[in-house]
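Participant: Top line first, the protein sequences correspond to chains X and U.
This note's numbering applies: residue 4 is where the first sequence begins, and numbers increase by one.
This note's numbering applies: residue 4 is where the second sequence begins, and numbers increase by one.
Take the hints with a grain of salt, since some may be wrong.
Residues of chain U clear of chain X, computed beta-carbon distances all greater than 10 Å [as the list claims (entries may be wrong)]:
id : residue
1  : Glu26
2  : Pro36
3  : His73
4  : Arg75
5  : Pro87
6  : Tyr90
7  : Arg96
8  : Asn103
9  : Thr104
10 : Ala111
11 : Val117
12 : His124
13 : Val152
14 : Leu155
15 : Val179
16 : Gln190
With the Cβ distance kept under 7 Å, some of the chain U side facing chain X (calculated, not the full set) [claimed, not checked]:
id : residue
17 : Asp38
18 : Asp76
19 : Asp105
20 : Ala106
21 : Val108
22 : Pro161
23 : Ile174
24 : Thr176
Since the hints were made in silico from the structure, they are not lab data.
A virtual CB, placed ideally from N, CA and C, is assigned to each residue, including glycine.
Read off the chains here:
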Amino acid sequence: MNPAEVEDIEVRLFLEAIHRRYGYDLRDYAPASIRRRVLLALAKSGHAHLGQLQHEVLTCPPFFAHLLEDLTVRVSEMFRDPSFYRAFRTQVVPVLRTYPLLKIWHTGCATGEEVYGTAIVLTEEGLYERAQIYATDLSPQALAQAKEGTYSSEVVKTFTENYQRGGGTGNFAAYYTEAYGGVAMNEALRRNVSFFQHNLVSDHAFGEMHVIFCRNVLIYFGNDLRERVLNTLSQSLCAGGFLCLGASERLGRLGESLAFSDFISEERIYRHEN
Amino acid sequence: MKTKREMADLGLVCIGGSQGGFEALEKLLPQLPADYPCAVVVLLHQYRHGAGNLPELLSTRTAMPVKAVHDRDPVIPGHLFVAPANYHLLLERHHAFALNTDAPVQYARPSIDVLFESAAHVYGPRTTGVLLSGASIDGASGLKQIKAVGGLVACQHPDTASGKVMPQAGIDTTTVDKVGSPQELGQWLKQLHP
Ligand SMILES: C[S@@+](CC[C@H](N)C(=O)[O-])C[C@H]1O[C@@H](n2cnc3c(N)ncnc32)[C@H](O)[C@@H]1O
Numbered sequence: 004m005n006p007a008e009v010e011d012i013e014v015r016l017f018l019e020a021i022h023r024r025y026g027y028d029l030r031d032y033a034p035a036s037i038r039r040r041v042l043l044a045l046a047k048s049g050h051a052h053l054g055q056l057q058h059e060v061l062t063c064p065p066f067f068a069h070l071l072e073d074l075t076v077r078v079s080e081m082f083r084d085p086s087f088y089r090a091f092r093t094q095v096v097p098v099l100r101t102y103p104l105l106k107i108w109h110t111g112c113a114t115g116e117e118v119y120g121t122a123i124v125l126t127e128e129g130l131y132e133r134a135q136i137y138a139t140d141l142s143p144q145a146l147a148q149a150k151e152g153t154y155s156s157e158v159v160k161t162f163t164e165n166y167q168r169g170g171g172t173g174n175f176a177a178y179y180t181e182a183y184g185g186v187a188m189n190e191a192l193r194r195n196v197s198f199f200q201h202n203l204v205s206d207h208a209f210g211e212m213h214v215i216f217c218r219n220v221l222i223y224f225g226n227d228l229r230e231r232v233l234n235t236l237s238q239s240l241c242a243g244g245f246l247c248l249g250a251s252e253r254l255g256r257l258g259e260s261l262a263f264s265d266f267i268s269e270e271r272i273y274r275h276e277n
Numbered sequence: 004m005k006t007k008r009e010m011a012d013l014g015l016v017c018i019g020g021s022q023g024g025f026e027a028l029e030k031l032l033p034q035l036p037a038d039y040p041c042a043v044v045v046l047l048h049q050y051r052h053g054a055g056n057l058p059e060l061l062s063t064r065t066a067m068p069v070k071a072v073h074d075r076d077p078v079i080p081g082h083l084f085v086a087p088a089n090y091h092l093l094l095e096r097h098h099a100f101a102l103n104t105d106a107p108v109q110y111a112r113p114s115i116d117v118l119f120e121s122a123a124h125v126y127g128p129r130t131t132g133v134l135l136s137g138a139s140i141d142g143a144s145g146l147k148q149i150k151a152v153g154g155l156v157a158c159q160h161p162d163t164a165s166g167k168v169m170p171q172a173g174i175d176t177t178t179v180d181k182v183g184s185p186q187e188l189g190q191w192l193k194q195l196h197p
């Protein structure tokens with residue numbers, strides 16, 4: 004057995020330890036990416052071996068709370084992939100207009116950028132008042148940041164550029180106020196948003212959504228887990244509901260078995276036929 | 004006919020570059036025959052929105068079949084794969100690509116280091132890493148990891164590169180098996196798998 008295969012065993016045992024001790028199940032995450040997170044956490048800890056890190060994790064719950072934040076990836080961006088938002092505005096929004104009430108779920112919302120992005124789109128399209136938006140993530144720390152809705156001035160430049168490229172019809176600067184060397188998104192954008200913790204791996208489907216955003220979350224899951232989670236998501240959509248994935252994610256064969264059809268395939272927008 | 008297993012055993016060629024990397028690829032890729040037996044992965048640092056047509060551009064420069072990588076795509080020998088913008092590109096043991104949106108590494112996503120390190124872990128001594136022109140030091144540490152697992156590594160000769168920093172960092176960081184112009188690197192890759 005070569006050292007790389009031995010390392011794979013160590014990583015598996017480490018994830019097993021976390022699951023048994025704390026109930027968080029990262030065992031079926033995509034091996035390449037979770038391995039990278041684990042090794043980065045090891046380097047940060049100063050321990051020489053995963054065995055030592057495992058011991059500290061097992062015996063020190065506060066340490067684990069920190070580690071969990073390092074193992075999940077909370078990097079996000081407002082209006083990431085502007086062409087997606089253009090397509091959403093021009094082709095999904097007209098369908099949403101036909102519903103008197105809208106339920107929208109952002110799964111794996113991380114620090115909330117996408118949630119505010121959608122809120123802006125809905126506001127500009129005159130649909131915000133009838134929308135109820137659920138924003139969930141596994142990471143409590145990410146959710147806290149999402150709820151706060153403050154971002155650094157550095158990234159606002161990117162958000163603004165993305166907003167314009169994504170078909171924004173207003174002035175992006177009107178959606179935030181300067182605060183503490185950064186910006187705070189307007190309170191009005193979160194009036195119809197509820198933020199709460201939800202674990203896609205172990206928690207239940209919840210109901211009758213018109214749109215589910217699950218962008219750049221499934222890429223972190225291994226094949227079997229991804230299929231299981233997609234199943235949960237399909238159960239959470241109403242008939243004709245939309246599923247939006249990240250730019251490089253495709254449903255592939257699974258689309259058919261879960262009763263999804265391509266709505267705008269190049270933007271990874273799928274529709275549930277059910 | 005080779006079996007799937009034997010084909011996979013030929014390993015993986017990973018080529019990384021940044022500023023000036025495209026020009027280098029234009030000269031390197033034509034050296035590889037249409038039936039080049041390995042899977043080749045090309046990763047260029049790209050402007051976040053501007054690079055959707057890189058696979059089409061590259062397909063005019065190579066006889067190999069070109070594919071843009073999507074999450075979970077299988078690694079197929081004899082194909083040239085192009086890393087998408089704004090994701091890191093990694094490899095799984097079951098001969099599939101994996102993408103993630105982890106934070107940029109030294110401002111780069113995709114990061115050459117992330118790809119090289121992951122390839123070295125999965126393909127071990129059957130990994131070949133090539134570092135082309137670029138103005139950052141991304142890739143140097145990944146090259147070292149490929150070398151550490153017994154793989155082969157090469158750098159573009161800095162004199163032939165508009166971005167000298169990247170290939171020079173590779174040369175300074177590890178003992179490289181080949182330094183040459185893009186054409187020479189192409190010939191070198193070709194004779195590895197005659
Ligand atoms: C890369 S972020 C994606 C953020 C955003 N959707 C985007 O595309 O910019 C991935 C998010 O998935 C969350 N996540 C990971 N595992 C999860 C799980 N089991 N249940 C819910 N969320 C999870 C992480 O905490 C992280 O915030």
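Participant: Determine which of the earlier numbered hints do not hold for this structure and return their numbers in increasing order.
Facilitator: Structure breaks hints 3, 4, 5, 6, 7, 8, 9, 11, 12, 13, 17, 18, 21, 22, 23, 24.
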